[in-house]
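Asker: Chain residues, written in single-letter form:
Protein chains: 2
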Amino acid sequence: MRIGILGYGNLGKGVESAVRQNNDMELTCIITRRDPKSIKPQTDGVAVISVDEIEKAKDFVDVLVLCGGSATDLPIQTPEFAKCFNVIDSFDTHAKIPQHFANVDAAAKENGHIALISCGWDPGMFSILRLYGSAVLPEGNDYTFWGKGVSQGHSDAIRRVKGVKNGKQYTIPVDEALKSVRNGENPTLTTRQKHTRECFVVAEDGADLNQIENDIKTMPNYFDEYDTTVHFITEEEFLKNHAGIPHGGFVFRSGVTGLNKENKHVIEYSLKLDSNPEFTSSVILAFARAIFRMKHEGVTGCKTVFDIAPAYLSPLSGEELRAHML
Amino acid sequence: MRIGILGYGNLGKGVESAVRQNNDMELTCIITRRDPKSIKPQTDGVAVISVDEIEKAKDFVDVLVLCGGSATDLPIQTPEFAKCFNVIDSFDTHAKIPQHFANVDAAAKENGHIALISCGWDPGMFSILRLYGSAVLPEGNDYTFWGKGVSQGHSDAIRRVKGVKNGKQYTIPVDEALKSVRNGENPTLTTRQKHTRECFVVAEDGADLNQIENDIKTMPNYFDEYDTTVHFITEEEFLKNHAGIPHGGFVFRSGVTGLNKENKHVIEYSLKLDSNPEFTSSVILAFARAIFRMKHEGVTGCKTVFDIAPAYLSPLSGEELRAHML
Numbered sequence: 001m002r003i004g005i006l007g008y009g010n011l012g013k014g015v016e017s018a019v020r021q022n023n024d025m026e027l028t029c030i031i032t033r034r035d036p037k038s039i040k041p042q043t044d045g046v047a048v049i050s051v052d053e054i055e056k057a058k059d060f061v062d063v064l065v066l067c068g069g070s071a072t073d074l075p076i077q078t079p080e081f082a083k084c085f086n087v088i089d090s091f092d093t094h095a096k097i098p099q100h101f102a103n104v105d106a107a108a109k110e111n112g113h114i115a116l117i118s119c120g121w122d123p124g125m126f127s128i129l130r131l132y133g134s135a136v137l138p139e140g141n142d143y144t145f146w147g148k149g150v151s152q153g154h155s156d157a158i159r160r161v162k163g164v165k166n167g168k169q170y171t172i173p174v175d176e177a178l179k180s181v182r183n184g185e186n187p188t189l190t191t192r193q194k195h196t197r198e199c200f201v202v203a204e205d206g207a208d209l210n211q212i213e214n215d216i217k218t219m220p221n222y223f224d225e226y227d228t229t230v231h232f233i234t235e236e237e238f239l240k241n242h243a244g245i246p247h248g249g250f251v252f253r254s255g256v257t258g259l260n261k262e263n264k265h266v267i268e269y270s271l272k273l274d275s276n277p278e279f280t281s282s283v284i285l286a287f288a289r290a291i292f293r294m295k296h297e298g299v300t301g302c303k304t305v306f307d308i309a310p311a312y313l314s315p316l317s318g319e320e321l322r323a324h325m326l
Numbered sequence: 001m002r003i004g005i006l007g008y009g010n011l012g013k014g015v016e017s018a019v020r021q022n023n024d025m026e027l028t029c030i031i032t033r034r035d036p037k038s039i040k041p042q043t044d045g046v047a048v049i050s051v052d053e054i055e056k057a058k059d060f061v062d063v064l065v066l067c068g069g070s071a072t073d074l075p076i077q078t079p080e081f082a083k084c085f086n087v088i089d090s091f092d093t094h095a096k097i098p099q100h101f102a103n104v105d106a107a108a109k110e111n112g113h114i115a116l117i118s119c120g121w122d123p124g125m126f127s128i129l130r131l132y133g134s135a136v137l138p139e140g141n142d143y144t145f146w147g148k149g150v151s152q153g154h155s156d157a158i159r160r161v162k163g164v165k166n167g168k169q170y171t172i173p174v175d176e177a178l179k180s181v182r183n184g185e186n187p188t189l190t191t192r193q194k195h196t197r198e199c200f201v202v203a204e205d206g207a208d209l210n211q212i213e214n215d216i217k218t219m220p221n222y223f224d225e226y227d228t229t230v231h232f233i234t235e236e237e238f239l240k241n242h243a244g245i246p247h248g249g250f251v252f253r254s255g256v257t258g259l260n261k262e263n264k265h266v267i268e269y270s271l272k273l274d275s276n277p278e279f280t281s282s283v284i285l286a287f288a289r290a291i292f293r294m295k296h297e298g299v300t301g302c303k304t305v306f307d308i309a310p311a312y313l314s315p316l317s318g319e320e321l322r323a324h325m326l
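Here the protein sequences line up with chains A and B, keeping their order.
Quick note, the first sequence lines up with residues 1 to 326 if you use our numbering.
Quick note, the second sequence lines up with residues 1 to 326 if you use our numbering.
Honestly, the hints are just simulated from the structure, not real lab data.
These numbers come from a predicted model, not from an experiment.
Cβ atoms here follow ideal geometry from the backbone N, Cα and C, with glycine treated the same way.
Heads up, a few of these hints could be off.
For the chain A half of the interface with chain B, some residues (derived, Cβ under 10 Å), not all of them [to be verified]:
hint, residue
1, V51
2, H94
3, S127
4, S134
5, A243
6, G244
7, E262
8, K272
9, T304
Construct all of the structure, not just a fragment, from the sequences and the given hints.
Answerer: Set out below in structure tokens:
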């Protein structure tokens, strides 16, 4: 399978390194909006192509991985490039998924390609676990917690505050809430009861620290509904201890069975990830394998992780899976 | 969807109660090897039919759930009844799955039916999680732990020991092993390091308790490779505290990513079940829905949980799933 990458940021670099861990895959090209000469791939023999000449890549890419952002890149790019390629993206604006699906589906079908949108861990693996949980325990409650991990959006928001030089925000699930769900207590949880937010801030020289702290804690949509902690640290400490992009989270399904609903069951799925973009890339490549195979079977149009039978994700054959993994 | 049950033991009763939690399903008949008059269903209007007259059920069963045992029932029943019905079983003798699959596949294909074998939680949900884990993190290790829960096979083994009137065995994962795996330490674990076995025994009057304890702890295959604890309790205590059939367990995938494999990731899936047979039944019904739909699309032959796209399990439409669960 020949993989192409569009966009060489954290996610694109994650795809590049993940390709090396999959023997049936090869990275053939990186497509960029920047000057191709400015891109230095870590892999030998990879073509770097300007997005303006993307059609050149058609003959040597089986699946194109779109590594742009959900706000402005993917709504345009995924339907556009589904015309020329089999594509996969990690579109994560939950509310806009139906529209995105429709756009990509039309473009892919019309041109005989297959596409898969909203791949990664949430949406992605977490979505799959929510679906399995609710199908298996129809009477019950879902809970999703995120963290401990870095929220890019909230870190960006901190950095826009006056007097802030650098900042990083960690989303942290509240322990008592996790325990209650895990015990099958089916709690009703407010936003504040589910997560706390912890911020590490490097202030500009002479900045008003009280003002910064207040501006962060009262920021609408981002922080005002949460218990937020703000730590001021030095640039040195920031670079030393907060360079990574860890993340993770939990999906629970808590339900009952029995003639009198007397038996409780708790399903828990959790991720603890040192690198959010590298894990996301790894999920994307497994699903890239799946859609490549489905394309060979004649499937076209837009798919989501819900539409992919697990066997398609593995390089092992059906016989091998049944013998060793069932 | 009209559901039939073959075998009205713990699993069959679990299917009966689970049908009530799925609005698109109806239990139409119970097929039994016993005298049909001896079966008292908990559901009104259910036909009770002798297995000798099973053909009578053909016209009012869409999927037949086979609730027999893996040792002697299912290897015969599943291929046999796949000739007349769409069937689903929970065959769990891992080593014999390939042969069972081949037998069922031939019978189902020849007669235009669909079948799904080895459904439940292990094999079943745990298998799916092992597959997803290894596909997403190709460089890593799998760990499966069972418990805390009742092992039927080990409880049966205890009850065969001389002087034992009644007994129950709990399989318990070792906490230190769980913690080590959860920390991404990728330990190599012996059988003894993974699980302990705890036995609750009601002895016959005048039995030699030391002999019983020794016979259990040294029993080959069942106990000799484990640290085993034996508690002697009264019949009263046994009935009061050990009537349930709880179970559960953990599936981990622990792997690395990055150009230098510098980032660790841990995926954990766990189940905490008050009733093993009721949860197994609930999983079976979700997959019964899936194969019923796939049959309508023209699919025949034997499938496993690996072959079923998650969307088929849910009563919700593709649009609803994308809008609310992705």
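Asker: The structure should be examined with respect to each hint, and the outcome stated for every one.
Answerer: Taking the hints in turn, this is what the structure says about them:
With a cut of 10 Å, the hint placing A/V51 at the interface with chain B is violated, because the nearest CB-to-CB distance is about 25 Å. A cut of 10 Å between beta carbons decides the hint on A/H94: the least distance to chain B is about 7 Å, and the hint holds. For the restraint placing A/S127 at the interface with chain B, the shortest Cβ-Cβ distance is roughly 5 Å, inside the 10 Å limit, so the hint holds. Interface hint at A/S134: satisfied, since its Cβ lies 7 Å from the closest Cβ of chain B, which is below the 10 Å cut-off.
The interface hint given for A/A243 is violated, since its Cβ lies 12 Å from the closest Cβ of chain B, which is over the 10 Å cut-off. Taken as an interface hint, A/G244 checks out: its beta carbon lies about 8 Å from the nearest beta carbon of chain B, inside 10 Å. Restraint check, A/E262 versus chain B: the minimum CB separation of about 8 Å is within 10 Å; hint holds. Taken as an interface hint, A/K272 checks out: its beta carbon lies about 4 Å from the nearest beta carbon of chain B, inside 10 Å.
Because the closest C-beta pair between A/T304 and chain B is about 6 Å apart, less than 10 Å, the hint holds.
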